[in-house]
Amino acid sequence: MTKYIIRRLIGLIPTLFIVVTISFFLIRIAPGGPFDAERRPPEQVMQNIEAKFNLNAPLHMQYLRYMGDIVRGDLGPSFRYQDHDVNFYIANSLPNSLLLGFIALGLALLVGVNAGVLSALNQNSWIDYVAMAIAIIGITVPLFVIGPVLMYFFALRWDLLPTSGWITGRYGWITILMPAITLSMQPFATIARLSRASMLEMLRSDFIRTAQSKGLRDSVIIRRHVLKGSLLPVVSYVGPAFASIVTGSVVVEQIFRVPGLGRFFVQSALNRDYTLIMGTVIVYSVILVLMNFIVDIIYSFLDPRITYK
Amino acid sequence: MSEEKILQVEDLKTYFRTDEGTVKAVDGVSFSLGRKESLGIVGESGSGKSVTNQSLLRLIPSPPGKIVGGSVKLEGVDILKLPKSKLRNIRGNKISMIFQDPMTSLNPFLKISTQMIETIMLHQHEDKKTAREHSIEMLRMVGLPKPERRIDNYPHQFSGGMRQRVMIAMALSCKPQVLIADEPTTALDVTIQAQILEIMQDLSDRLGTALIMITHDLGVVAGLCDRIAVMYAGRIVEEADTEVLFEEPQHPYTQGLISSVPRLDKKTGKKLSSIPGQPPNLIDLPDCCPFYPRCPHVMDICKNKYPNEVKTEVGSSTRRVSCWLYS
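Chain order of the listed sequences is A and B.
In this text, residue positions in the first sequence follow our numbering: the first is 35, and each later residue adds one.
In this text, residue positions in the second sequence follow our numbering: the first is 110, and each later residue adds one.
Source of the hints: derived by calculation from the structure; they are not laboratory data.
Heads up, a few of these hints could be off.
[Unchecked claim] With a Cα cut of at most 20 Å, we get these calculated EDC-like pairs of lysine to aspartate or glutamate:
#1 K114(B) to D187(B)
#2 K175(B) to D236(B)
#3 K220(B) to D337(A)
#4 K195(B) to D252(A)
#5 K220(B) to D162(A)
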C-alpha cells in the first residue's frame with residue numbers, strides 16, 4: 035500500500051507537467067495579449083514592458099524560463115496587478131476559498147447523505163418526496179438566485195446576518211454562513227440523489243435478504259450492511275467536486291464579496307494575465323489530481339474487493 | 110420419522126400486486142414438517158417454491174408482495190402473527206435460510222467473521238471472543254480449510270462452493286430447528302453439488318435440524334429427503350414419502366417430471382420424455398386445474414373446478430394428491 039501511494043504520488047508529476055505545458059501554449063495561442071489596448075503606447079515603452087516581463091524572448095525560451103521558476107516555487111509577477119506577485123495573490127485568497135469550500139462541502143455531505151438515506155428508507159413517502167423536491171431545486175436553481183434570496187430573508191427581512199463581506203476570527207461564521215449555504219446547494223442535491231439511488235440498490239441486494247433472515251435489527255442492517263457500500267458513488271463524486279468547490283465560485287464570491295480565488299479565474303483570463311492564469315490553473319489541477327488520488331485510496335478502504343499493489 | 114410436528118403451514122397465500130393484476134404466487138399451500146424430518150419441495154421456475162419459503166420467515170418484499178392468508182406455526186406459535194421483535198428472534202435462530210446464489214448472498218463489504226459473529230452474538234448471547242471461536246468451530250465442521258485464518262477473509266476471496274459452506278456454517282451456527290435451503294446447489298459446479306448436499310445433510314442430522322430443501326432437481330431430493338412435495342402454479346399438487354413418490358407417482362405432473370429425468374436404476378430403453386407446453390400465467394387464474402392444458406389425461410371437469418385433495422394411507426404415512434383422476 036505504501037509503495038502504491040509513493041508510486042502514485044510520483045506519477046502525479048508528469049500529469050501536472052503536461053497540464054502546465056498545454057495551458058502555457060494555449061494561453062499564448064489565444065488572440066490578444068496582456069498589454070494590448072485601444073491606443074498602443076510608443077514603441078520604446080512597449081519594448082521596455084515586454085523586456086521587463088520577458089515577452090521579447092523566443093517562445094520556447096519563455097517556456098523554459100517559466101518552468102524553471104515554477105520548479106523553484108515562483109509563479110512570477112502578475113502582468114496586470116503591479117503591487118504583488120502571483121504567489122501573494124494566491125496565498126491571500128486561496129485560504130478563504132478553502133475555508134468556505136470546506137464548510138460548504140461538509141454541509142452538503144452531512145445534509146445530503148442523511149437526506150438520501152432517509153429518502154431511500156422511506157421510498158415514495160412524503161419524506162422522500164420533500165427531500166427529492168429540495169434536491170431538484172438545488173440542482174436547477176442557479177447560485178445567483180439562491181444567494182440573493184437568502185440575503186433578502188436573512189439579512190434584509192429578518193436582520194440576522196450581514197448581507198455580505200468577510201470577517202476573519204471569532205465572528206467569522208456570520209459572514210461565511212450564507213455563502214457556504216449557497217455554495218453547498220448543488221453538491222448537496224447531487225449527493226442526496228446519489229446516496230438515495232445507491233442505497234435503494236443496496237437494499238434490494240441478496241445479501242440484505244440474508245441479513246434479514248439472520249434476524250438482525252433494521253438499524254443494524256442499515257449501519258453495518260448497507261451504508262458502507264452506498265457511499266461509494268458519493269465518494270467518487272465528492273473527489274473532483276471538492277477541487278472545484280474549494281477553488282472558489284466566482285458567482286458566490288461576487289454576491290457575498292468574499293475575497294477568494296474564484297474571481298481570479300475569470301479576471302485573469304479576461305486580462306490575458308498570463309502568469310495569474312497559469313497560477314490558478316496550477317492550483318486547480320494540483321488539487322484535482324490530489325483529490326482523485328485520495329478518492330482511490332478511500333475506495334480501497336470502503337470496498338475490500340479493491341486492493342492496490 | 111417422528112410423528113411430532115415442529116412446523117405446520119396451513120393454507121398459506123402470498124399474492125403480488127402488479128400493474129397487470131394480482132399474481133397468486135402461493136395460493137393455499139399446506140404442509141408440515143416433523144422434528145429432524147427432511148422435506149423436499151420440487152417444482153419448476155415460477156411454481157411458488159421460493160415465495161412459499163420466504164413467506165415462512167416473512168421475507169417477502171412488501172410492496173408488492175403480501176401474505177394474505179393462512180398460518181405458519183412453529184411449535185404451535187403462528188409466525189405470521191408475531192410482532193417484529195419476536196419475529197427477529199425466530200429468524201436465524203429457530204429457522205434459518207440458505208439462498209441460491211452464494212456469490213451474492215454474503216455481504217461483499219464485510220469479513221466472514223463479522224457476518225458470522227453478529228448472528229451468534231445476537232441469538233446465543235455470547236461475547237465476541239466466544240462467538241468467534243464458535244464461528245471457527247462451525248467453519249471447521251463444514252470442511253473449510255484453515256478456518257482460524259480464513260475467517261478474517263472477505264467473501265470475494267472464496268470460491269462459490271466455499272462460500273456456500275460458509276453460508277451453511279452461518280445458518281446452522283445457532284442450532285436452528287428448521288433449515289430452509291433454497292436451491293443451495295443450483296449455482297454451483299456439479300462436482301461441488303454433491304459435497305455441499307452431503308455437508309448439509311450430515312450437519313442437520315448431527316444438530317437435529319429439520320430440513321426443507323427447495324429445488325427443481327429431482328435428483329437432489331431423491332437421495333436427501335424423507336418426503337417430497339410437488340408444487341405447480343402456487344399449490345402443492347402431490348406429497349408423499351420419497352420412495353412412494355418415485356415408485357408410484359399419482360399426479361400426471363409428477364409422472365411427467367419423473368419420466369423426464371434420466372434414471373440409472375431403471376433401464377427402460379425408452380426415449381426421455383418431456384412435458385409439453387408452458388406453466389400457466391399466475392395472474393387471475395380461473396378455478397380449474399392449472400395443469401389441464403398440459404395434461405395427457407385431461408377430462409371436462411378439470412377445466413371447471415380445482416380438484417379436492419385425496420389422502421391415502423401408505424404404510425405408516427399419508428400421501429396426498431390433488432387430481433380428478435383420484436377424486
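Query raised in the report: Does the structure keep K114(B) and D187(B) at a Cα separation of 20 Å or less?
Result: Roughly 14 Å separates the two Cα atoms, so the pair holds.
Query raised in the report: For the pair supplied as a hint, K220(B) and D337(A), is the alpha-carbon distance within the 20 Å limit?
Result: holds (11 Å)
Query - Hint consistency between K195(B) and D252(A) [alpha-carbon to alpha-carbon, up to 20 Å] - result: holds (14 Å)
Query raised in the report: Does the structure keep K220(B) and D162(A) at a Cα separation of 20 Å or less?
Result: Not OK: K220(B) and D162(A) at ~32 Å, beyond 20 Å, violated.
Query raised in the report: Quick one, are K175(B) and D236(B) close enough, alpha carbons at most 20 Å?
Result: violated (37 Å)
Checked against the numbered hints listed earlier, the structure breaks hints 2, 5; every other hint is satisfied.
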